[in-house]
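S.K.: These protein sequences, in sequence, are chains A and B.
Residue numbers for the first sequence follow my numbering, beginning at 1 and rising by one.
Residue numbers for the second sequence follow my numbering, beginning at 1001 and rising by one.
Hints were generated in silico from the structure; no laboratory data involved.
Beta carbons are placed, not taken as given, at the ideal position from N, Cα and C, and that holds for glycine.
Worth double-checking, as some hints may not be accurate.
What follows is a set of in silico ranges between Cβ atoms, one per label pair, in the way DEER data are often shown [to be verified]:
1) 179(A) / 1019(B): 26 to 36 Å
2) 22(A) / 1063(B): 43 to 53 Å
3) 276(A) / 1246(B): 49 to 59 Å
4) 276(A) / 1127(B): 23 to 33 Å
5) 1039(B) / 179(A): 27 to 37 Å
6) 1136(B) / 70(A): 51 to 61 Å
7) 27(A) / 1136(B): 37 to 47 Å
8) 113(A) / 1027(B): 32 to 42 Å
9) 276(A) / 1225(B): 48 to 58 Å
10) 30(A) / 1237(B): 50 to 60 Å
11) 1123(B) / 30(A): 46 to 56 Å
12) 1173(B) / 135(A): 23 to 33 Å
13) 1123(B) / 105(A): 36 to 46 Å
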Amino acid sequence: MSTTTTAASSIANEIQQEVMERKPFSIVAFLKNRWFLYAISLTAFFALWKYVDYTRVLGNGIAAPEKVVVAIYRLMIDTVAGKSLWGHTWASLNRILIGFAIASSIAVPLGILMALNRYVNAVVKPVFDLIKPMPPFAWISCAILWFGIDEPSKIFIIVVGTFVPCLLNSYMGIRLIEPQLYDVVRMLGGSRRDEILQVGFPAAFPAIFAGLQISLSIAWTCVLSAELVSARSGLGFIIIQGMQLARPDFVLAGMVVLAFWAWATTLIVTYLEKFLCPWKRETSLA
Amino acid sequence: MNATVEAAENRRVKIEVKDLTKSFGNLLVLDDISFNVAQGEFLSIVGPTGCGKTTFLNALSKLIPTTKGNIFIDGEEANPKKHNISFVFQEPTCMPWRTVRDNVAYGMEVKGFSKARLEERLRYILDLVGLTTTADLYPNQVSSSMEQRIAVARAFAVDPDLLLMDEPYGQLDVKLRYYLEDELVSLWKALKSTVIFVTHNIEEAVYVAERILVLSNKPTKIKAEVKVDLPRPRSLIDPKFVEIRKQVTELIRWW
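The shape of chain A in the complex, shown without the other chains (with noise of 0.2 Å):
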């Protein structure tokens, strides 16, 4: 009997397996590497915008990459009201962990009882739905109104924003789980208790987890906006000072920094998620 198991599994034990094909080195497979190519598409894309600074077709509403670069420098040493650039950064920063986190814990818990119980998606749903399709800057004039030009209304402007994707995902993620994986429990005798904790909640983890990640980078966008119509502090602040004093050099470090940010938090989502989902380890090469 062991002979015939061993012989099974030696046939039958199919493992999906990374495989790199290596290929000798030729002119024309360095032409289509594509490293190769990510350079020529970088190294086109900073001539472009040398080039339309060189020319001033668009007179001095733009600055060369290198007056880009010697304004971030810049602004990290000197300060804008009264602010360095790491000031100014933490600031927005400070705004998104606040906005993202009250967002986030209680959209996610919602979600995933609205899922759960059809009596509160009955009752929820409705209202969400209402407000769903609203872009979330449109909430600003209301919440500069209802809390000032300080703090709270851009944290309120994020909470707004954030919390759509935040809620659909975590509904959507346990809604579109196999039924099979709950018949699973349910047959081997489980309650609903085991249902909910040892298939809802993990099989639904990686689709919260991409709700985060939305609503993470609709966090900048919505801190972004709140900081151009009113803010002393801020990432959007520096935007808007460099528009006002000319410096498109500035306007430009503001841009960059912003987008190296909501790159650089999305990456830190991403990285939680690998460590918390190994299971969602990829099995082929990108």
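Here the structure of chain A is known, so what remains is to put chain B in place on it, guided by the hints.
M.R.: Okay, now just chain B, sitting in the frame of chain A:
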């Protein structure tokens, strides 16, 4: 080998299905089905396509309520919370977030096996199905046929009173299916479980089962019972095997 088959008649009745009826509205799917399964018996159920095999199994496993009739395990009404009913579904149903090892262990966890007993049995089962070397992989790293073997191992691991299998190997290619059928038979012999194996593949049914129940078209009744009194390992070209296969085929085609 023959000794175990002959003993089937003398073994005590483990499962009693009495007047099992299921209708969805006016549509009668299962019509008054009654039969017994002996302790440790391997019973196959075959029937024409769409005869309600899956409904039949779902009713047996208590995943759906029955309209009339009941299932008794050891003389008591079957109850998934109390009895140990295990199910292998048509589609692989591994939990993607658990490793192969933890998937096989899952049933035992739900059933509340003690840690020591779980560990010991887990090692034994993984070894029996040859999954020890791949125990730390996640389901998305193995093939779908392996996922099905994990589900089979999980089902056997809980030491079920009744193990129901719903065409578990329907999606696999012929060669792999032969291996897995052999594996299934050796698992059954090693663990002495009571198995009801539903399939539309007649050859498969004759290959694995001690007894075959042939179902009719809807509304489903038991049309015939065929004993498969062949020694194991069975040969697909043994004249007796072919004869039984033809007999079952005729029974299904007869309508």
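S.K.: Run every hint past the structure and note whether it holds.
M.R.: Checked hints:
1. 179(A) / 1019(B): 26 to 36 Å: Holds - the Cβ-Cβ distance for residue 179(A) and residue 1019(B), about 29 Å, lies within 26 to 36 Å.
2. 22(A) / 1063(B): 43 to 53 Å: For residue 22(A) and residue 1063(B) the Cβ distance comes to about 51 Å; the hint holds.
3. 276(A) / 1246(B): 49 to 59 Å: Holds, at about 56 Å.
4. 276(A) / 1127(B): 23 to 33 Å: With a Cβ separation near 31 Å, residue 276(A) and residue 1127(B) satisfy 23 to 33 Å, so the hint holds.
5. 1039(B) / 179(A): 27 to 37 Å: 32 Å, holds
6. 1136(B) / 70(A): 51 to 61 Å: The hinted range 51 to 61 Å holds for residue 1136(B) and residue 70(A), with Cβ atoms some 52 Å apart.
7. 27(A) / 1136(B): 37 to 47 Å: Holds, at about 44 Å.
8. 113(A) / 1027(B): 32 to 42 Å: 36 Å, holds
9. 276(A) / 1225(B): 48 to 58 Å: Holds - the Cβ-Cβ distance for residue 276(A) and residue 1225(B), about 53 Å, lies within 48 to 58 Å.
10. 30(A) / 1237(B): 50 to 60 Å: 59 Å Cβ-Cβ, so the 50 to 60 Å window holds.
11. 1123(B) / 30(A): 46 to 56 Å: For residue 1123(B) and residue 30(A) the Cβ distance comes to about 52 Å; the hint holds.
12. 1173(B) / 135(A): 23 to 33 Å: 53 Å, violated
13. 1123(B) / 105(A): 36 to 46 Å: 42 Å, holds
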